[in-house]
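With these hints in hand, go ahead and build the complete structure from the sequences.
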Amino acid sequence: MATKVVMEALSPTMEEGRLVKWLKNEGEQVKNGETLAEVETDKAIMELVARGEGVLRKRLLNENDAAPVGQLIAVIAAPDENIDALVSGAGGGTAAPAAPATASAGATPVPRSPAQSQGEASTPPQEKAGSAPPAPPPARPAAPPAPSAAPSGNGGGRMRSSPLARRMASENGLDLQAVQGSGPGGRIIKRDIEAAVASGAVRQQPAAARFVPAGEDYHDAPLTQIRKTIARRLSESIGPIPTFYLTAEFDMDRVAEMRGAMAAMGEEFKVSFNDIVLKAVATALAQHPEVNAHWLGDKIRYFNRVHLGMAVAIEEGLITPVIFDADRKRMSEISREARELAKRARERKLKPEEYTGSTFSVSNLGMFGIDQFTAIINPPEVGILAIGALEEKPVVVDGALAARKRMRVTMSCDHRVVDGALGARFLQTLRRLIENPLMLVY
Amino acid sequence: MSVITYRDALNQALREEMHRDDRVFIMGEEVAVYQGAYKVSKGLLQEFGEMRVVDTPITELGFAGVGVGAAMVGLRPIIEFMTWNFALLAIDQVVNSAAKMLYMSGGQFNIPMVFRGPNGAALQLSAQHSQAWESWLAHIPGLKVVAPGTPYDAKGLLKSAIRDDNPVIVLEGEMLYNTKGEVPDSDEVIVPIGKAELKREGEHASIITHGKMILVALQAADQLAKQGINVDVVDLRTIRPMDIDAITTSVRKTNRAVVLEEGWELCGVGAQVVDYVQRECFDDLDAPVVRVHQADVPMPYAKNLERAAKPDAAKTVAAVKKVMYLE
Amino acid sequence: MAKKKPDSPAPSEDVELRRDLLRSMLLQRRFEERCAEAYALGKIGGFCHLYIGQEACGTGAISILRPDDYVITTYRDHGQALARGIAPRAIMAELFGRIDGVVRGKGGSMHLFDRNVNFLGGHGIVGGHVPIATGVGFAIKYRGGDQVCVCFMGESVANTGAFHEALNMAALWKLPVVFIIENNRYGMGTALERASSIHDIYTRAASYDMPRGVVDGQDVMVVRAAVQEAVDRARTESTPTLLEVRTYRFMGHSMSDAVSGTYRTKEELEEYLKRDPIIVLRTQLQQAGQLTDDEFAKLDADVKAVVQDAWDFAEQSPEPPLEALYEDVLVDTTSDAHAEAAVAAD
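Chains as they are written, first to last, in the working numbering: chain A, 1 to 442; chain B, 1001 to 1327; chain C, 2001 to 2346.
These aren't lab readings, by the way, just hints derived from the structure by calculation. None of the values given here were measured: they were computed from a predicted structure. Note that the Cβ used here is the ideal one computed from N, Cα and C, for glycine as well. Since no wrong hints were added, every one of them can be taken at face value.
DEER-style ranges, computed between Cβ atoms: (1) R336(A) with L1305(B): 52 to 58 Å; (2) E28(A) with L2322(C): 48 to 54 Å; (3) E1265(B) with S182(A): 24 to 30 Å; (4) I45(A) with D1022(B): 56 to 62 Å; (5) D42(A) with D2146(C): 50 to 56 Å; (6) V2329(C) with K1253(B): 31 to 37 Å; (7) E2270(C) with D1022(B): 53 to 59 Å; (8) E2271(C) with G27(A): 28 to 34 Å; (9) E2271(C) with V87(A): 37 to 43 Å; (10) H1129(B) with K351(A): 52 to 58 Å; (11) E216(A) with D1222(B): 50 to 56 Å; (12) P352(A) with H1129(B): 52 to 58 Å; (13) D42(A) with L1125(B): 46 to 52 Å.
Under 7 Å between C-beta atoms, here's a sample of chain C residues computed to sit facing chain B: (14) R2104; (15) I2132; (16) E2165.
Written as structure tokens, this is what we have:
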């Protein structure tokens, strides 16, 4: 009966071995326990011994070549035995069953594959590189940032408070911003809260927190049969990402009004149309997690956080820096961040973590006078919104012709995830927000 | 109720347990004829004979291993190290043999034995004789580690240690042997392993400590009380397993903690206490936890330098004031 | 070097005994060969030190002992565990890391323990178990028993401090311990001559005025005779002995060490292979007309079947459940609870 000679694990950590030298020629008689070859392990040169008797019929690994543990590298058999089946099944990196195919068993041991030989079997295999976006930065603490007009002595820095003080403030419905900290660096501590409660002079804050991050940053949904079919069929029809487009025209008069009013309050309150649109998109996404998603092939990942990609044209092409947690940021923060990111993008100073991890993207070519266009989805995202130029045009308002500021947006949707109606509902929400921009500060 | 020394409390525990169980014997340098380097085993040779009170050559590694072997086959050895500084020579037996035997034998061989001796600094003994080893020992699964600070706890914990079916480390203190305290005359002074005790009650801050530092903490508490500050003094008594409930109960009440220990700062027992506090009491803290410990240097000889290196009441008072924002 | 034992057993008994010894050594040999195979297939992990070549030492020494005597050894422990009577199944399952292993998959190759046969463990720190053996001797004397503790070790142990501390106390207190050095010539890859200032290791016992001797470790009957004398001295006079048993390991130090190459030559190995302890005994039996080739073949087939059975058993034994991870770190008892059991064990 033939004996398979496999590359054996000749050290505890060996995953592959290099065949240094064959010590037996094909056709030579070998005995059980006789050395067949020298093999270089990760530690030393070791001897590979025969685990059967007969003639070394076939050598399947050249000297100086390496083979993973478990790979068939030779066959020992009787001189006249047919070994074609064994030999033809050889090669490749796969670990072939390595039990000596002699009568010795009943047991058919299988060698550990290189992947199994390290670590515990229960460890899940590593995710393939690139299959998931890098983790975005952690969520911001829920405490609202101190406004510049806050009466605390923090010198404009981050407001400090002890964990106990924060808990007590929350239990007493106190706004920490109104409490003067007496600890180091203005830290608000227990006695400050006690004093504030005693004075009764602190304004009450509604009990509900403005932003409650809900547990996980995302949840994965397995693909239903219908989603699988839609995905497969539509991919066959149009490229790997079956995209369709939805266009809508928004009335921008009230946005313009708001922007004007803000600008009138002073230079520091100025925001751009784009900033307002970004804020609106982020807010709409928070209400429509079903489009704030990634297509991962075997599942759809729905995000509970909104990380908004913002396409920026640069000399070399295009880059999409990310405004993380855009839905939780104030307009002023978005404005400042968008400006800063765009500037650094053009200077090519963005760090990788600043342009990866987006959950949805926006591309604005309005400043180039483009009325309307379609943007290409940035996979694994499932949608991108293309923003056209704002222009004044005649429209019918309350039965009469009027000059209004209008803007066209086109959403590219990945049909594997976003169906027509879903995209339309998202745009509906967006329209409501943009045409009633006060909603954005609600 | 009698007032006795820590030394006599330990001696009573040894005597009572040797009477109670004839598998118990004590072995170490100078424990028999010399009556103990610190007289803890005084009178035992006369009472129990040389098979049960055994002088050894100066060979810590050897006799620690002898204890392990005897424990494997049914005896209950008490191995006395003249000091824990010398026990470093025996650490292979403590860690690789005593602590792991039960686990690596699949539960077949437990090691019912006690390793005991004075730990930490005395006075002007300088670098090699003034070291507190509890963080090393408490790191090891398979050991229990106790550090009594009073005569009562010394007696009660040593008796528990001798009766325990696991290897137990008992950390005593040269500076504690002459200290006095009340110990009931009855046989049954048993302090359970793994239970801390509130040695003093207050409301403004918690001092969490163990062993010899109990005395320092109580001194600091007296000084603070004169300034109207009342502190909890939590005596851990056992380092492994640690009484986490006692720590968190106190910190939840006072919202401020100072952790005091004799050893060095990095990876010290106090670091572990602070970890429990931040994990279990995060929302109860009104100030970062402050630690008091030995300066991060080998112990110097000169009196003034030694004083500067050791944790003391003044440093502890300052730490309490710091967590109370009273600096 | 071979000594005539004072009272030789009757010839038929002697034949029986020699055949038993041959069988035991052959079992160890075949067991270890399959261990090498299992290791190569990844069924056994970690460090794995084989006993091939040294079988006569453990087999001869342990064959002298009573069931209530104690055996303690190093990490090269498979052969002695088999010789002491631990089931091949339980050992193989342990090596495979399974729940039916002799220590429930917690110890592996280096830490075989079995309370039922007073096998006090394979220990992994060179020299660490020698003081423990002295402690076992102390306990025997403490209780006034007449058991003996046999402590196996490699020759490199004689260079550790623990060895000297332990032998000094054993001699000082006159404890019933037989310290057996299996001198296989190499501490891992360092030859004895490159590690020790004296080469007759047994003479170290002179420092403690301890009885001592050196014997041929490839002839199981010679080992037996020498150990018999030492055990008798321990049992009746409570006096320890240091025996140096000269042997050779035919394999590398562990599974990740080449059989020959960097530190010893193939020629040297081949020279020693001529004195394979199994061949030595087999030849003795055959020359005395007490064993035929057929009988040997049958014996070999028998032990191979036993080893195959151990392999099959190990393979089907489940991995330890995850709950076992936290089990047996500490016992949850005190002397009161254990008093009865411990007394019974004594």
